[in-house]
Amino acid sequence: MLPFSPNPPLSCETANHLPLPKDPPRPPCRSHNTSPAMTAATSPAPSLNALPAAPGVGYKPQHFSQILADAAPVQWLEIHAENYMGEGGRPLAQLRHLAEIFPISVHGVGLSIGGEAALDTAHLARLQRLLAWLEPASFSEHLAWSTHEGHFYNDLLPLPYTGATLTRVCDHIDQLQAAIGRPMLLENPSSYLAFAESTWSEPEFLTEISRRTGCGLLLDVNNVFVSANNLGFSPQGYIDDYALERVGEIHLGGHDSDTDDQGRPLLIDSHGCAVVDPVWVLLDYTLERTGPKPVLIEWDTDVPDWPLLAAEAERAAFALGHLPAEASRPAVRA
Amino acid sequence: MSRCKQSHAPAAMVSQDAFARAMRDASLPIPLGLVDQDGGRAGRRFSVYRNNIAVSLREAMHSAFPVITKLLGTENMNGLSRLFLRAHPPSSPLMMFYGAEFPSFLEEMPQLSHLGYLPDVARLELALRHAYHAADATPIAPEILANLSEDALLASRLIFAPALRLLQSPWPIEAIWRFNTEPQAPAPQAGAQAVLITRPEFDPVPHLLSTAGAVWLDAMQQGASIGAALQRATATDADFDLSLPLTLLLQGGAITGLERKR
Numbered sequence: 001m002l003p004f005s006p007n008p009p010l011s012c013e014t015a016n017h018l019p020l021p022k023d024p025p026r027p028p029c030r031s032h033n034t035s036p037a038m039t040a041a042t043s044p045a046p047s048l049n050a051l052p053a054a055p056g057v058g059y060k061p062q063h064f065s066q067i068l069a070d071a072a073p074v075q076w077l078e079i080h081a082e083n084y085m086g087e088g089g090r091p092l093a094q095l096r097h098l099a100e101i102f103p104i105s106v107h108g109v110g111l112s113i114g115g116e117a118a119l120d121t122a123h124l125a126r127l128q129r130l131l132a133w134l135e136p137a138s139f140s141e142h143l144a145w146s147t148h149e150g151h152f153y154n155d156l157l158p159l160p161y162t163g164a165t166l167t168r169v170c171d172h173i174d175q176l177q178a179a180i181g182r183p184m185l186l187e188n189p190s191s192y193l194a195f196a197e198s199t200w201s202e203p204e205f206l207t208e209i210s211r212r213t214g215c216g217l218l219l220d221v222n223n224v225f226v227s228a229n230n231l232g233f234s235p236q237g238y239i240d241d242y243a244l245e246r247v248g249e250i251h252l253g254g255h256d257s258d259t260d261d262q263g264r265p266l267l268i269d270s271h272g273c274a275v276v277d278p279v280w281v282l283l284d285y286t287l288e289r290t291g292p293k294p295v296l297i298e299w300d301t302d303v304p305d306w307p308l309l310a311a312e313a314e315r316a317a318f319a320l321g322h323l324p325a326e327a328s329r330p331a332v333r334a
Numbered sequence: 001m002s003r004c005k006q007s008h009a010p011a012a013m014v015s016q017d018a019f020a021r022a023m024r025d026a027s028l029p030i031p032l033g034l035v036d037q038d039g040g041r042a043g044r045r046f047s048v049y050r051n052n053i054a055v056s057l058r059e060a061m062h063s064a065f066p067v068i069t070k071l072l073g074t075e076n077m078n079g080l081s082r083l084f085l086r087a088h089p090p091s092s093p094l095m096m097f098y099g100a101e102f103p104s105f106l107e108e109m110p111q112l113s114h115l116g117y118l119p120d121v122a123r124l125e126l127a128l129r130h131a132y133h134a135a136d137a138t139p140i141a142p143e144i145l146a147n148l149s150e151d152a153l154l155a156s157r158l159i160f161a162p163a164l165r166l167l168q169s170p171w172p173i174e175a176i177w178r179f180n181t182e183p184q185a186p187a188p189q190a191g192a193q194a195v196l197i198t199r200p201e202f203d204p205v206p207h208l209l210s211t212a213g214a215v216w217l218d219a220m221q222q223g224a225s226i227g228a229a230l231q232r233a234t235a236t237d238a239d240f241d242l243s244l245p246l247t248l249l250l251q252g253g254a255i256t257g258l259e260r261k262r
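From first to last, the protein sequence lines are chains A and B.
Numbered according to my numbering, the first sequence spans residues 1 to 334.
Numbered according to my numbering, the second sequence spans residues 1 to 262.
Note that these hints are calculated values from the structure, not bench results.
Just so we're clear, the structure is a prediction, and the values are computed from it rather than from any experiment.
Idealized CB from N, CA, C, for every residue including glycine.
Check the hints yourself; a few may be wrong.
[What the hints assert, rightly or not] Derived pair list, reagent style EDC-like, types lysine to aspartate or glutamate, alpha-carbon separation capped at 20 Å: (1) A:K60 x B:D203; (2) A:K60 x A:E87; (3) A:K60 x B:D237; (4) A:K60 x A:D302.
[Claimed, not checked] Here chain B is said to cover these stretches of chain A; the calculated rule only asks that three of the stretch's residues, wherever they fall, bring their Cβ under 8 Å from a Cβ of chain B: (5) 86-95; (6) 129-139; (7) 145-156; (8) 229-241; (9) 254-262.
In isolation and in its complexed conformation, chain A is listed as follows (with noise of 0.2 Å):
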């Protein structure tokens, strides 16, 4: 059982470690015009996001006492929103405290943004009511669909990339930052098969929608090397295409393999092992692009020991410390 009390006093030891300053700064509300007139896709959106560049994970209870006994190499967490839902408890109890030692950053996983039905409104109101009362230091979401009339299917699941669907998901998100008064991250997602009616390429299809609505992006990198081993892209290639200045989070974590029926590699996004050295390279590849940035490991399910997550932490963290100075950096496309 965790010695824990909902307000515990911050003692001195406590405090002294903490890498941040307890206030990080709020993301300005921003007004959302959609015209493309009036949203400047290519410029740098510093305001996507109030996380530091540095590493983060995803908020696991069961590392609660480590993480406030010696968080590093980790400054700041991801938790899932949907978790923070209920009424009362633990889990929000623990999400307070954290919130003031540490930046949040809340990751929905239930809002089907892609869905072909309009957005549950009362979800929407449940996650206004978490944003308004945690202020977290980002907001992000998925490029997909998870429920079907009525039906949630607790996964997330792919979209073809038409017109229509450009339309829909714009004005989805719309609605969203409309609602919660502030921009958002849209994620890309792991692929496993296409669609024939698709016109549009992946990035190509993210940069509109950030054009299209001044949301920001969130490039998980991990995604982006199983989507392209399965559907036989080059991950160099995506990442050159995508909007990089929109990206406020980078996204890692571990994926299963599997084989597709003429026997090819198939890799699947699990979140249930350490993150594999190809990811680590894409990942040197992206920040050498996009300079620093808040980088997340992701591990989710056969969640490891703290110090298991604390190392591939750290591995972050290098990368995030080893950059080549700005002036040698290859141009992000402007």
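Based on these hints, arrange chain B on the given structure of chain A.
Just chain B, lined up with the frame of chain A:
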């Protein structure tokens, strides 16, 4: 990567309805418009989604009903979860509350009718989970009750913490639950049991209540005064001792307010 296919005839479109139906029912063909990188049929690639939802929801059922899983065994629970998921797919992204229909689903399974206690054990697990996520509330100081005159105490109604739960069963559900969660717990004996769940801080605790205690608490939850509820409890058991449930409630932080009957 670039835009493509714009000059071609429209490719097969895949609605989310078609996708979802094929995902839920593996006997249905995979929609034609789902392809691999060469335009070939998606095949096993689509199975990733079928498998993801099946596994994630099965695991959600295991973690939601650990005692039922232990009682039935993992294999049986997996089979039961498959049937349950087909009958009651989640209707909300709040997976922590998934499985509300599971107790009545168990009741309706003819092959489980010889395990009549299962539905009420599932109700206990569900109640513990809801108590865990219930809203926080500040309990009253025990002195507030102790300082009342007997007349004033009997005329009072109690306001309870949102985490409070009361379950009554013809089966020994508290004993079954404890036997399957605590290593030293005694084997369950046949007989009805009532269970009071309190959440003193963050962990819900099930307590055994006497039959009369359950009658008293049930009346209290419906807004009776302590005295009126006491009358009903003593009709069940002339020796009913009010101090026992009151102590459990106070120790469990389950009383958050007091209303004096006008």
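May I ask which of the numbered hints given earlier this structure violates, with the numbers listed in increasing order?
-> 3, 6
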